[in-house]
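Construct the complete structure from the given sequences, taking the supplied hints into account.
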Amino acid sequence: MQSNREIVVQDLVKQYSGNVLAVKGISFHVKSGEIFGFLGPNGAGKSTTVAMLTTLILPTSGKATVGGYDVSTQAAEVRRIAGVALQEIGIDPLMKSMELLTLQGQIFGASKKQAAARAKELLELVKLADVTDRRVGKYSGGMRRRLDLALALVHEPDVLFLDEPTTGLDPASRRDVWEEVRRLNQRLGITIFLTTQYLEEADMLANRIAIINGGQIVAEGTPAELKGRMGTESINVTFANADDVEKAVRELSDMVQRTQVDRKTVRLYLNHAAQAVPAVVNRLQAAQLEMASLTLTQPTLDDVFLSVTGQRLEQAKDAEQAA
Amino acid sequence: MSVIANSSLTALGVNRSARMSFPAQVAMLTSRSLTVMFRTPAAIIPTLIISWFFLVIYNASLGNASNFLPGLAGSSYLGFILPVSVVSAALSGAGIAGQSIVRDIASGYFDKLMLTPVSRAALLLGTIIAGAVILVIQTGSVVLLAILMGLAPKTGLLGILVTLGIALLLGVAFAGFTVGIALRTGNAGATQGASFLFFPLTFLTATFVPVTLLSGWIKTAAQFNPITYVLEAMRSLMNTGWQPDALLRGVGACVLLGVVTFTFALSSLRARTRRR
Numbered sequence: 051m052q053s054n055r056e057i058v059v060q061d062l063v064k065q066y067s068g069n070v071l072a073v074k075g076i077s078f079h080v081k082s083g084e085i086f087g088f089l090g091p092n093g094a095g096k097s098t099t100v101a102m103l104t105t106l107i108l109p110t111s112g113k114a115t116v117g118g119y120d121v122s123t124q125a126a127e128v129r130r131i132a133g134v135a136l137q138e139i140g141i142d143p144l145m146k147s148m149e150l151l152t153l154q155g156q157i158f159g160a161s162k163k164q165a166a167a168r169a170k171e172l173l174e175l176v177k178l179a180d181v182t183d184r185r186v187g188k189y190s191g192g193m194r195r196r197l198d199l200a201l202a203l204v205h206e207p208d209v210l211f212l213d214e215p216t217t218g219l220d221p222a223s224r225r226d227v228w229e230e231v232r233r234l235n236q237r238l239g240i241t242i243f244l245t246t247q248y249l250e251e252a253d254m255l256a257n258r259i260a261i262i263n264g265g266q267i268v269a270e271g272t273p274a275e276l277k278g279r280m281g282t283e284s285i286n287v288t289f290a291n292a293d294d295v296e297k298a299v300r301e302l303s304d305m306v307q308r309t310q311v312d313r314k315t316v317r318l319y320l321n322h323a324a325q326a327v328p329a330v331v332n333r334l335q336a337a338q339l340e341m342a343s344l345t346l347t348q349p350t351l352d353d354v355f356l357s358v359t360g361q362r363l364e365q366a367k368d369a370e371q372a373a
Numbered sequence: 181m182s183v184i185a186n187s188s189l190t191a192l193g194v195n196r197s198a199r200m201s202f203p204a205q206v207a208m209l210t211s212r213s214l215t216v217m218f219r220t221p222a223a224i225i226p227t228l229i230i231s232w233f234f235l236v237i238y239n240a241s242l243g244n245a246s247n248f249l250p251g252l253a254g255s256s257y258l259g260f261i262l263p264v265s266v267v268s269a270a271l272s273g274a275g276i277a278g279q280s281i282v283r284d285i286a287s288g289y290f291d292k293l294m295l296t297p298v299s300r301a302a303l304l305l306g307t308i309i310a311g312a313v314i315l316v317i318q319t320g321s322v323v324l325l326a327i328l329m330g331l332a333p334k335t336g337l338l339g340i341l342v343t344l345g346i347a348l349l350l351g352v353a354f355a356g357f358t359v360g361i362a363l364r365t366g367n368a369g370a371t372q373g374a375s376f377l378f379f380p381l382t383f384l385t386a387t388f389v390p391v392t393l394l395s396g397w398i399k400t401a402a403q404f405n406p407i408t409y410v411l412e413a414m415r416s417l418m419n420t421g422w423q424p425d426a427l428l429r430g431v432g433a434c435v436l437l438g439v440v441t442f443t444f445a446l447s448s449l450r451a452r453t454r455r456r
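Chains as they are written, first to last, in our numbering: chain A, 51 to 373; chain B, 181 to 456.
Treat the hints with care, as some may be off.
[Claimed, not checked] Restraint ranges, calculated between C-beta atoms of paired labels, are given here: (1) 272(A) - 215(B): 46 to 54 Å; (2) 278(A) - 301(B): 52 to 60 Å; (3) 367(B) - 345(A): 55 to 63 Å; (4) 75(A) - 401(B): 52 to 60 Å; (5) 455(B) - 304(A): 56 to 64 Å; (6) 347(A) - 367(B): 38 to 46 Å; (7) 220(B) - 257(A): 41 to 49 Å; (8) 313(A) - 366(B): 49 to 57 Å.
Please keep in mind that the hints were generated in silico from the structure rather than gathered at the bench. None of the values given here were measured: they were computed from a predicted structure. Think of the CB as a built atom: it goes at the ideal place given N, C-alpha and C, for glycine as much as any other residue.
Here's what the structure looks like:
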């Protein structure tokens, strides 16, 4: 029998002391077996939301259920079915991987023998089986992240929460984690709630995405939907001569929604860009403007982010760091 | 990491409503704490050496002078001063429990455990019991050193065991205090500082001379200091013989202190684990 693996969030609010409103009334519904991407810059309210859903903190108001259990009133039940890998990896650096995993299994009710067998399998799974005699304090960042993932899986969770699972990892380890997340989801049918500040990550992994900014969800849908709804395709034309760029913008201004100039390149934003290519080429030739190259760009999640928040995700991150 | 597809994960095989019994949880967490504590010998060895050092120094510098003190002449000064070393070894040993909790909070492992169905009280007890084991090793080694220096307690081996038992009680009571501070602050400096606050207590008492020789404010202070009664109980075992009143007062002082510190520790645990 397939258990309820949904996450249902209704008007969830978190206000910290000092009137800091970290999460301002969010609602969403994660279906069983889905990878749900929760995308936003630092300080957007992602970790606060995860902390509420995993029972670490109480919501100020609103309601959330994980696998049908209320996170406010049925915390023990939620903890039993939810696996959690937080952004801050919480493992004792003096312990060894087998000790950590076996202890975790026993806490969840397994016998020592069962827990040890499970620990061995999980270490194989995350490719840490050959470093079991080393204290985890000596692990690299990627190894610690993988061990943390294994710890979150010990009790066979129905729902897995991953709070920025690849932040601080090198590109190779990041791809390893992506691979792992996808396989866990496909093979075990685990619902995965994943927060990230990387557009690429959300795009690659998530079946559906919610974009959170300033404690509010500003957009939600599949990656394709979001791109289709908010992003715009563009034709990018690079000229041999930088002087031609301005002329081109003048020539084409009536055809496009907006333009963006970057040195010798002009980005022309318009709907149905592919069909518009011949017309653009004709006009430019008629005006005797020499093109060096022409490319088409599909909308990206970055465009979506820009259109719903008014800033690029990178800028939002920079602003956060400056603040 | 493309292993999942071809590996077959066996189920953990647990009934989701299954739960480890409380004593089993305590035993498991105690063993985990001990493993970790033994991996940080730097936290244990210095306090051990200090305890030995004080025993040797006090005995060497005050041993002969004590012959001129009424109430001490003729009896063993080593037997008189040993309890001071035992008590300070017990107190510093108890500090390890608090340090251990702080370490878990700092590493984030404490929060990770909070996300499991583990009993919060078992977590606390496991750490305290592990600290107590270390403490018994520490105080035991101090007594062993005293025996090598010629200690011959009036109550023999049994008296030594009772002395260690009282030290254990005192240490566990004090561990409640350090663990409470650790949970309250989550800060290593604060916990160490608070442990240090108890240091004066070993001197605001009949440390070097019998309580009858004290006078003025220090005598008043000593009367309210539980350590006074612990020292007297241990000293009676060393130099006088079996004295039920003294033993009862010593044990009573530890229990009373323990009730206060454990109440504090539990309320600190609640404060830390309360969801806000």
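Verification of the hints:
no.	hint	verdict
1	272(A) - 215(B): 46 to 54 Å	holds, 48 Å
2	278(A) - 301(B): 52 to 60 Å	holds, 54 Å
3	367(B) - 345(A): 55 to 63 Å	holds, 56 Å
4	75(A) - 401(B): 52 to 60 Å	holds, 58 Å
5	455(B) - 304(A): 56 to 64 Å	holds, 59 Å
6	347(A) - 367(B): 38 to 46 Å	violated, 52 Å
7	220(B) - 257(A): 41 to 49 Å	holds, 46 Å
8	313(A) - 366(B): 49 to 57 Å	holds, 53 Å
Checked against the numbered hints given earlier, this structure breaks only hint 6.
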